[in-house]
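Trainee: The listed protein sequences correspond, in order, to chains C and W. The first sequence lines up with residues 122 to 587 when you count with my numbering. The second sequence lines up with residues 80 to 309 when you count with my numbering.
Simulated from the structure, these hints should not be mistaken for laboratory data. Nothing here was measured: the structure is a model prediction, and the numbers come from that model. Each residue gets a CB set at the ideal place from its N, CA and C atoms; glycine is no exception. Among the clues, some could well be false.
Said to hold, decoys possible - Here chain C is said to cover these stretches of chain W; the calculated rule only asks that three of the stretch's residues, wherever they fall, bring their Cβ under 8 Å from a Cβ of chain C:
(1) 107–113
(2) 192–199
What the hints assert, rightly or not - Only part of the chain C face toward chain W is listed, based on derived beta-carbon distances under 10 Å:
(3) 126
(4) 135
(5) 136
(6) 424
(7) 463
Now for the letters of each chain:
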Amino acid sequence: MRFGSSLFIAARTLMGRHAQAEASGRTGAAIPRKGRALTSSSGGMAGAILGIGISLVPLVLVLIVSDGMIQGITRRYMETKTYHLQVAVPDGMSDIESQKGLNAIQSLPGVKAAFLEKNGSGVAVSASSSSAVMLRAIDPAFFSDPGTKEFLAVVAGHSVPAGNRDIIIGSSLATALKVKLGDSLTLITPNPEDNANDTAGADFSGYSPRLSFFKVSGIVSAGYRDLDALWAFITPEMGTRLLTYPSSAAFLGVKVTNPYANSLGAVKDSIIERLDSVYPDWFDPYLARTWPEIERSLYKSFGTTKSMLLFIMGIALIIAAVNLGSALSTFVVEHSIEIAVLRSVGASGLALKRIFVGAGLITGGIGTILGLSLGLFISWNINYLISGIEWLVTAIDVVIAFASGHPSVPLKLLDPAYYLEKIPISVDFAQIALIATLSIALSVVASLIPALKASKVSVQELIRKI
Amino acid sequence: MNEQVGMPIVFCKDLVKNFESQAETLHVLMGIDFELAPGCSCSIMGSSGSGKSTLLSILGGLEHFDSGEVTVGKYELHKLAEKALPQFRSKVVGFVFQFHYLLKDFTAIENVALPAYMMGAPRKEAWAKAENLLEKVGMSDRMNHFPSELSGGERQRTAIARALINDPSVILADEPTGNLDTANAAAVEELMYGLPSLSGATVVLATHDPALAESADRRFVLFNGKLSAI
Chain C
122 MRFGSSLFIA
132 ARTLMGRHAQ
142 AEASGRTGAA
152 IPRKGRALTS
162 SSGGMAGAIL
172 GIGISLVPLV
182 LVLIVSDGMI
192 QGITRRYMET
202 KTYHLQVAVP
212 DGMSDIESQK
222 GLNAIQSLPG
232 VKAAFLEKNG
242 SGVAVSASSS
252 SAVMLRAIDP
262 AFFSDPGTKE
272 FLAVVAGHSV
282 PAGNRDIIIG
292 SSLATALKVK
302 LGDSLTLITP
312 NPEDNANDTA
322 GADFSGYSPR
332 LSFFKVSGIV
342 SAGYRDLDAL
352 WAFITPEMGT
362 RLLTYPSSAA
372 FLGVKVTNPY
382 ANSLGAVKDS
392 IIERLDSVYP
402 DWFDPYLART
412 WPEIERSLYK
422 SFGTTKSMLL
432 FIMGIALIIA
442 AVNLGSALST
452 FVVEHSIEIA
462 VLRSVGASGL
472 ALKRIFVGAG
482 LITGGIGTIL
492 GLSLGLFISW
502 NINYLISGIE
512 WLVTAIDVVI
522 AFASGHPSVP
532 LKLLDPAYYL
542 EKIPISVDFA
552 QIALIATLSI
562 ALSVVASLIP
572 ALKASKVSVQ
582 ELIRKI
Chain W
80 MNEQVGMPIV
90 FCKDLVKNFE
100 SQAETLHVLM
110 GIDFELAPGC
120 SCSIMGSSGS
130 GKSTLLSILG
140 GLEHFDSGEV
150 TVGKYELHKL
160 AEKALPQFRS
170 KVVGFVFQFH
180 YLLKDFTAIE
190 NVALPAYMMG
200 APRKEAWAKA
210 ENLLEKVGMS
220 DRMNHFPSEL
230 SGGERQRTAI
240 ARALINDPSV
250 ILADEPTGNL
260 DTANAAAVEE
270 LMYGLPSLSG
280 ATVVLATHDP
290 ALAESADRRF
300 VLFNGKLSAI
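Let the hints inform the model, and build the full structure from the sequences given.
Mentor: Okay, structure coming up:
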C-alpha cells in the first residue's frame, strides 16, 4: 500500500464527512444529503489540531520576540557602549602609537570602523547636586558613526564635545544633577600625580582629587536609564589629562559589518594577527575580546532566560502531542469497524500503521501551520498589540479614576527609560522551520502508539464485532 | 487469478474449528469436507449459531482453524503465514457482509475503489474500475453519494461492487439480504447469483433463508458442525 493512499484514507476519515448516524441507515431508507457533521472522534481530532496550534503560538512568540528584544538590547549596548570588539591598549600610549593600531585594523575585511576610547570614573558636581559618572573620551568620529547615531539620541544641544571645556551628559544624569544645556559642571577625578596642573589651579599630591570645570554642551540618551544616568563624554585631549592610570582604561573599540555572524571570531583573529605585528613588544591575544565576551554575564542571562522560556513552551508542545496521541487512540477505538473492513479487503498491519501515522502527520501538520501562522501574525504585530492593551487599560483606568475622583495613571508596558520603547521583531526562518519540523515529528511520534494499536488488534477480534 | 483447469477453487478437508471458553469448548465445525469448482454458486444454509459465518471467515482468511486443510485458489490456508493473509484477502476473496460496512466517510465510488487503490493501483485506474463496477450493479447515478445518503439496497449493491474490485476468485457473502426489505433482497439475490457470469467468481453464500439458498448451483446445510449437500 502506497503512502499516498494511506494519506487519502487518513485525511478523509479525519474529515468525518458522514452526516447521519449509521444506525439510521440500517432501516434501508434513503436519507437526504445533509451538511458536514463532526463525529466525537473528529471533534477530538479538531481539539488535538487546536492543541498543537495553540501550543506553538507562545513558542513562536517567545522565539521571535525574545530574539528581537535581545538583539535590540545588545545592539544598543554594542553601538553605544561595548562596541562589537574591544582591544585593550596600554595606558599612556601616545596618539601616534594608537593611530598605528587603528589604521592597521580599519582596513581589515569585516571591520567597519575603529575608535580609541579612554574611560574612567569621577564625580560630577552641579550647583545643587552631585553624582558618580563614567567619563568617556572618544574619537569624535564615534559620534557620527551610523550605529552610534541610531541609538544615541540627542536630547538637547550637541552630541559631540567640541571644545575641551564642553561636556555631553546622559539625560538621566542631567535630571539627577538638575542641570540643563549651558549650565556649569565640576568634575572630580583622581589625580595620581604629585604636581597635577589643571585650570582649576588645584595642586594635590598622591591620589588627591582633581577639579575640572565644564559647560554642559549637550544632553544625550542611549535609551536605558542605567546608561543615561552614568555617562559623560569629554574630548580625547581632556581624557588624556583627566583619565590616568590606574583609575582609567584605554582600548580600541571596533565595529564590524555583522556583529551577530559567526564570522565575528574570524574578524577577532585577523585583528589579533595584525596588531601582533604592529605592537610586537606588548600585544597579547587575550587583550582582544568580542561583545559576548565583554558582557558575558548579561548575554548569558538573556540566553538562559530565553532557553528556559523555550523549554517551558516546548513542554506545552509535548503535552499537545500527547493529547494528539490520546485523541488518535480514541479515534482508533471509534473506527475499529472501519479497521476491520479495511483488513477484510486486504489492508495489512503496515498499511493500517501508515494510515494512522498519516492521520498524525495531517493533524500535526495542520496544527503546525495554524500555530505558526498565528504566532507569526501576533509576533509581527506585537507592538500594536501592546499599544492596544495599554490604550484599553488606560481608558478603563481613566473611567475608574473619573468615577472615584483619583488621578489616572497611564499604563506603559514598554517604558523606554528602563527597557525598550518598542520590541524589534527578528524572524529567524531557520528556527521557525526547525520548530515546524519538531512539531510535526512529535505528532508523528505521538501517533505511533495508536497506529501500533490499530495494527495489533486481531482480525478475528475485529470481525466478531461485525 | 489463473486457476488450473479442473482444479477446485475452494477445497476443504476435515476442517475443524472449536471455540474455547472458560466454561466449555464449543465444537463449531467438526470435519468439514467440500470443494467448489470455479465460477459456480453455492449456498450454505443453517440456523443462527450453526457456524456459517465462521466457515466463511475461515475461507476468507479472517479466522484461524484448529485442524484440517483449506485451499482457496492457489493459497493453502493451513500453511499460509499470518503476514501473507492480507495479500490473500485482497487478491483471492471478496466479502459481502450482512450489514454493508461501507466506510461512512467515503462516497460509494471511493468505497469501491479503495481496496484497489490500497493495493497499489493508480488512483485514476482504481476509480475508473470502481465506476464501471458501480454501473454494473446499477449504481451509476449514486456513486458520489455517501453511505448515509443511500438506501439499504444501494449500500449492499455498493458493498458487492467493492467485493469485486480486485477481481477475486471467490465472493464470500454472509447473509447479504439479511437487512433488506423484500424488493431490495430480491434485487441483491439476483445480483449475487449473477456474479459468476458477471465476473467469473465463485459465490459462497451463507443464509438461513431457504428461498435465497434455492437458486444456488450447489446447496449445503450446516448442522451440528457437519456440512451436508442437499
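Trainee: Under the criterion of a CB-CB separation shorter than 10 Å, is residue 136 of chain C in contact with chain W as hinted?
Mentor: For residue 136 of chain C, the interface hint holds, since the closest Cβ of chain W sits about 7 Å away, which is under 10 Å.
Trainee: Examine the stretch 192–199 of chain W for residues whose CB is less than 8 Å from any CB of chain C, and state whether their number is three or more.
Mentor: Satisfied; 6 residues make the cut.
Trainee: Report holds or violated for the interface hint on residue 135 of chain C, using the least CB-CB distance to chain W and a cut-off of 10 Å.
Mentor: The hint holds - residue 135 of chain C has a Cβ within 10 Å of chain W, the shortest such distance being about 8 Å.
Trainee: The stretch 107–113 of chain W covered by chain C? Criterion: 3 or more residues, Cβ-Cβ distance below 8 Å.
Mentor: violated (count 0)
Trainee: Can we keep the residue 424 of chain C interface hint, with Cβ of chain W closer than 10 Å?
Mentor: violated (48 Å)
Trainee: Is the shortest C-beta separation between residue 126 of chain C and chain W less than 10 Å?
Mentor: holds (5 Å)
Trainee: So, residue 463 of chain C near chain W? Judge it on the closest CB pair being under 10 Å.
Mentor: Holds, about 8 Å.
Going down the numbered hints, you'll see the structure goes against 1 and 6, while the others check out.
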